[in-house]
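**Student:** Listed in order, the protein sequences are those of chains A and B. Numbers in our numbering are just positions in the first sequence, counted from 1, shifted up by 23. Numbers in our numbering are just positions in the second sequence, counted from 1, shifted up by 23.
Be aware that a few hints might be false.
If chains are identical, the list can't say which one is meant, so a pair holds when it fits in one copy or spans any two.
[Stated by the list, open to error] Straight-line distance between alpha carbons at most 16 Å, and here's what the computed EDC-like set of lysine to aspartate or glutamate pairs gives:
#1 Lys247 - Asp32
#2 Lys25 - Glu253
#3 Lys247 - Glu257
#4 Lys25 - Asp229
#5 Lys25 - Glu230
#6 Lys25 - Glu141
#7 Lys306 - Asp32
#8 Lys65 - Asp198
Quick caveat, the hints were computed from the structure, so don't treat them as lab data. Computed from a predicted model, the values in this text were never measured in an experiment.
Protein chains: 2
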Amino acid sequence: MKKLINDVDDVLAESLAGFAAAHADILRLAPERQFVARRELKRGKVALISGGGSGHEPLHAGFVGHGMLDAACPGQVFTSPTPDQMLGAAQAVGGGAGVLFIVKNYSGDMMNFQMAAEMLDQENETVIVNDDVAVENSTYTTGRRGVAGTLVVEKVVGAAAERGADLAALKALGDAVNKATASMGVALTSCTVPAAGSPTFQIGADEMELGVGIHGEPGRRRVKLGSADEIAAELTGAILKDLSLKPGAEVLLFVNGFGGTPLLEQYLMVNAAHKVLAGAGIKVVRHLTGSYVTSLEMAGCSITVSALDAAQFALWDAPVHTAALRWGM
Amino acid sequence: MKKLINDVDDVLAESLAGFAAAHADILRLAPERQFVARRELKRGKVALISGGGSGHEPLHAGFVGHGMLDAACPGQVFTSPTPDQMLGAAQAVGGGAGVLFIVKNYSGDMMNFQMAAEMLDQENETVIVNDDVAVENSTYTTGRRGVAGTLVVEKVVGAAAERGADLAALKALGDAVNKATASMGVALTSCTVPAAGSPTFQIGADEMELGVGIHGEPGRRRVKLGSADEIAAELTGAILKDLSLKPGAEVLLFVNGFGGTPLLEQYLMVNAAHKVLAGAGIKVVRHLTGSYVTSLEMAGCSITVSALDAAQFALWDAPVHTAALRWGM
């Protein structure tokens, strides 16, 4: 295992310490690393809280700040955070207007967020993100997995919360954005969880995993490595089939690197996805490109298409100031 | 070679097409991919132009926009752009107040930028960046190499140009920031240039290259993989020795991923570098962390320390709106 680390047991603690030091103007790290919280809390605002296993950086802690999350709870690598982390975060950042949990659909996350929600003595709702169209049910999931589309949900709902939307409206908005968002990924190499010390899966030098999950879990099928155009056709085709978009539809195209794939290739995939979308008469009116929802150093990418409406695009465009997404301020 | 590409010969063209589509609000791609230019040019402003081999994305085209570069010339992967690219860029974005070229110190880049400067019928100056303290002279360089510190030079000088500084002042500022900036990197794996199809260098499963260049060229020495703390001590130690900083000095700490190293490890390196800097009495007052000056999918990172003065920090903080760096607007 070749990584820039010290003791395997200290990876998360040391990385979070560096993260908190680098972004001290935006956020603070709670004792015992329970959660990362926005430094300047806004009273009377619905508190948005997400979290999940680490190893997907900058998701979720990188999205804590103005216009996005109020807190994020980091579990160990690829492991759900515990209910007391979410409960502690909610008690720390809840501002009296209720708490909205945004949860990727994995069994461990679902169970632990639900326990926290039940223990919490504040009004709360949960938005479940399940944008991955690759497979129904999988290694860690009943139903579809939540993947890169989570960023879109957190950004749009975060902007609405910042503007003062109430809990019921935010829950409805989050569900609507999730429904309008679909993703699918491909892996060219495995990742290695530090505590495991060996690759999560084996893959041939000429193979790719189509529909891979963000923990390296299996997707639709293992096939010979295809061209960027073939991969874009498969991923984007599955997404368009799921969203049932009509020609003329306007979308956000989010090409997401999994951690080991450089921008040179990610932008090439943007170009490839554009061709597929143009062929279907879909207009790309917003872009996001980068390694935002990762699987450690796995090579590969995912494509996310989000068919937002005008009000939701305006929320996408609204100011955001977090470690990983920043514009308009 | 496992990459998200189509034909090897089309990698740069297709990637730039995706890049230009994704950031059409900020920039435009010139015919024949001569250069990427800022969409809204400001008359009467000194034009800032950089460029170099591709494969280091988001450097340089990702830094074209308000508060940074007016144009960037992309060469083929790890290959200098040609003089006519820089000449074409200067003629397109020069606004009558002169042109400042910002050039990383590699022999090919130096020669081709110099030829462009001689052919250009506008007043011009060149800032040469040579922040890499690892080695004097190397595979592609006479003198020290220009690496991640180039970003700092482009950001600070770009902000000053935006505020209306004249050519002589910008040349002096660029030289001063370069002198105040030092970097050193480490590679854990090689990268693979698409046109070559095989790794640039061989490295053992338990080895690292200390002082590696951003094309995978050799550095100080090949040694057994060390811990993050040991690596940070070596890199940061060499940087501090070069800069001769006194206790109490205030610096920007820029931990830069080379393309294949995830944020989890990059932030762990921030924490490790902090310990070394704190031990030397150096105060980190600004941070930048991410994969900004890359070597395709090479695993590893570099550390850059920039001992800016108060006016230069203010320029670092000034608004910027590019594909890869964006704040304050």
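**Student:** If a hint holds in the structure, say so; if it doesn't, say that too.
**Tutor:** For each hint, the structure was consulted:
Proximity of Lys247 and Asp32 under a CA criterion of 16 Å is satisfied in neither setting, with 36 Å inside one chain copy and 21 Å between copies. Proximity of Lys25 to Glu253 under the C-alpha cut-off of 16 Å is restricted to the inter-copy arrangement: shortest distance 14 Å between copies versus 31 Å within a copy. Taking identical chains as interchangeable, the C-alpha atoms of Lys247 and Glu257 lie at most 16 Å apart only when both belong to the same chain, with a minimum of 13 Å there against 42 Å between chains. Within a single copy, Lys25 and Asp229 get their C-alpha atoms only as close as 22 Å, which misses the 16 Å cut-off; across copies the closest is 7 Å, which meets it.
In this assembly of identical chains, Lys25 and Glu230 lie within 16 Å of each other by CA distance solely across copies; the values are 9 Å between and 22 Å within a copy. When the C-alpha separation of Lys25 and Glu141 is checked against a cutoff of 16 Å, the pair qualifies neither within a copy, at 42 Å, nor between copies, at 47 Å. In the homo-oligomer, the alpha carbons of Lys306 and Asp32 never lie at most 16 Å apart, since the shortest distance is 47 Å inside one protomer and 28 Å across protomers. For the homomeric pair Lys65 and Asp198, neither the shortest alpha-carbon distance inside one copy (24 Å) nor that between copies (43 Å) is at most 16 Å.
This entry does not satisfy hints 1, 6, 7 and 8, going by the numbered hints stated previously.
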